[in-house]
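Asker: Here are the chains, one letter per residue:
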Amino acid sequence: MRRSTLGVLLASLVSLSAAGLAGARAPQSANSAPTAGEAAQTPQTASPSSSTTDQRLDALEQQAKQAQTSGDNAWMLTSSALVLLMTGPGLALFYGGLVRRKNALATMMQSFTLMALITVLWALFGYSLCFHSGNSFLGSLGYFGLHGVGAAPDPDYAATIPQQSFMMFQLMFAIITPALITGAFAERMKFSALVVFMFLWSIIVYDPMAHMVWGKRGFLNATLGGRFPTLDFAGGTVVHVSSGVSALVTALYLGKRLGFPKTPMPPHSVVLSFIGACLLWVGWFGFNAGSALAAGSLASSAFVATHFGAAAAAIGWAGAEWLRNGKASVLGAISGAVAGLVAITPASGFVGPMSALFIGLAAGVVCYLMVARVKGKLGYDDSLDAFGVHGIGGSLGAILTGVFASSAVNAVYKNSQGKALPVGLIDGHAGQVLNQLLAVGISWALSIVGTLIILKIVDLVIGLRVPEADEVEGLDVSQHGEEAYNFEA
Amino acid sequence: MNFEVESAMKKIEAVVQPSRLDAVKEALVEVGVSGMTISEVRGHGRQKGHTEVYRGNEYTVDMLPKIKFEVVLPEAQVDAALEAILRSAKTGKIGDGKIFVSNVEDAIRIRNLDRGDKAI
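Residue numbers (my numbering), protein chains in the order written: chain A, 1 to 489; chain B, 1 to 120.
Keep in mind the hints are simulated off the structure, nothing from the lab.
Hints should not be assumed to be uniformly reliable.
Said to hold, decoys possible - Which residues of chain B face chain A? A few of them, derived with a C-beta cut under 7 Å, are:
| # | residue |
| --- | --- |
| 1 | 53 |
| 2 | 55 |
| 3 | 56 |
| 4 | 59 |
| 5 | 100 |
Just so you know, even glycine gets a beta-carbon here, dropped at the ideal spot from N, CA and C.
Throw the hints in and build the complete structure from the sequences for me.
Answerer: Right under this line is the structure:
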């Protein structure tokens with residue numbers, strides 16, 4: 001091969017890799033490289049004597065794109081599986097261990113039901129309402145029945161992976177978000193009411209929130225033309241604030257458990273909760289690093305931030321307990337880790353490792369205080385601290401994202417010449433914090449109003465809470481006809 | 001009707017520390033006690049419990065795990081059994097437990113309907 005041809009080939013390879021990496025860095029920006037959909041075609045293998053340099057370069061380009069897609073798609077499929085693992089069995093075990101033995105199965109059933117229910121709704125219209133362009137607040141039904149969602153990427157969302165992969169990844173988020181709410185009304189919600197509630201909540205609260213932050217033309221979308229660009233890498237507002245605040249509303253509406261707070265209701269198995277929490281930690285790498293929607297350096301950066309946030313928060317909560325009670329508890333340590341993961345979620349793809357440590361530490365201490373001190377004083381029964389951890393942790397994380405987001409980590413804002421602009425407060429862009437506050441406020445408002453309406457409807461039609469006798473007997477037997485543990489069998 | 005005059009039967013109930021289970025069992029077997037019922041129970045006398053904290057909620061646990069032995073034997077064997085239990089169950093600390101002795105009206109072996117002394 002002549003030297004000039006070799007030089008052209010090398011230059012193509014280098015520029016293609018650079019284009020691919022740049023595409024991976026901005027979470028939802030259009031990729032300047034040609035779409036990977038063409039990579040599905042078989043590269044041409046023309047005979048050496050008649051092939052032109054151009055044909056061979058075309059073939060090489062396609063192979064490079066195919067390699068990029070393979071790497072990105074492998075990571076995205078893995079991430080999707082990791083996020084599903086967070087719900088089942090991660091959250092199921094975490095929550096299941098925290099309730100009394102007589103309600104263990106019912107609690108786990110709530111998470112599992114969502115794995116099935118949300119999937120079907122997503123396939124029919126959920127994905128469309130979130131990610132079809134529609135208007136600023138909700139997608140339209142253009143993707144009803146996943147019409148048009150196939151192997152070809154959607155370059156606005158993720159240019160190097162099939163849209164099916166993007167759809168699946170997002171589905172796992174749609175599943176776990178409502179599952180988080182179940183912690184607030186644990187041990188007293190009718191199963192039938194839960195099913196109807198979740199059906200409505202996914203449409204009325206989750207889909208608009210997801211569309212506003214992540215969907216095309218979404219009101220708060222940072223990169224696809226949002227009116228108030230909000231930085232929410234993996235779902236601080238969409239997932240944690242919405243579920244946490246909705247959780248508080250349901251806890252207040254349904255009222256306290258019988259016997260609360262005098263009757264002791266300690267967790268029936270901190271061991272199960274421990275296992276669940278560790279699965280959540282590991283799964284969260286899919287949740288946050290997968291939100292890079294590619295397998296490049298941004299995924300690595302988010303991976304690091306996620307892990308550091310969890311670690312610092314575990315120390316924060318356990319340390320605060322140690323100081324206050326003289327002992328650091330296992331439940332405190334794992335709760336702290338979860339709180340840190342919640343707080344770092346919106347920040348994960350925008351902040352550096354040291355910022356992540358700080359965000360984690362703050363979340364661990366703040367959520368500890370919220371759960372162990374403030375909640376008791378206010379007197380409401382948020383049984384498994386869905387609001388204390390997700391509502392407060394998510395709000396805190398979303399706001400701190402505006403503080404610590406840095407263009408050095410993720411140049412998500414660019415001017416017309418492609419030059420990186422300041423992102424967060426530490427870059428000099430204080431206005432970002434205001435946008436974050438707005439997004440948090442919108443999430444609070446939508447969650448409160450939407451959830452109240454749904455609760456009222458469901459309560460009127462079928463009733464939300466189990467009868468007293470059923471609550472005393474336990475939901476496992478009364479709702480599902482099962483006992484969690486039959487050790488004598 | 002059968003009015004046999006037999007020696008009286010006594011029941012010994014002994015609530016002991018779980019850590020003394022094996023020692024007490026062996027001691028009873030050594031003095032010739034052939035049958036016993038062992039159950040896991042909870043309770044307390046003057047022994048204080050402990051506090052557990054879950055996410056800021058404090059619970060006082062004063063139902064402490066204990067082991068209960070129930071033995072029914074002829075009156076003649078009671079002293080030896082009591083001595084065996086006292087010797088093996090004692091640690092010297094509060095929470096060692098208590099022994100209760102009561103009368104038993106009748107005893108029946110289910111397999112062959114033996115009654116009274118023959119049944120124990």
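Asker: Is the shortest C-beta separation between residue 100 of chain B and chain A less than 7 Å?
Answerer: violated, 28 Å
Asker: Go through the hint on residue 56 of chain B and say holds or violated, using the shortest Cβ distance to chain A against 7 Å.
Answerer: Hint holds; residue 56 of chain B Cβ to chain A Cβ min 3 Å, cut 7 Å.
Asker: Have a go at the residue 55 of chain B hint: is there a Cβ in chain A nearer than 7 Å to its own Cβ?
Answerer: With Cβ-Cβ at 5 Å, under 7 Å, it holds.
Asker: Would you settle whether the hint for residue 59 of chain B is holds or violated, based on the nearest Cβ-Cβ distance to chain A being less than 7 Å?
Answerer: Since the shortest Cβ distance to chain A is 4 Å, the answer is holds.
Asker: Under 7 Å, Cβ to Cβ, is where residue 53 of chain B needs to be relative to chain A, so tell me if that hint holds or is violated.
Answerer: holds, 6 Å
Taken one by one, the earlier hints fail for this structure only at number 5.
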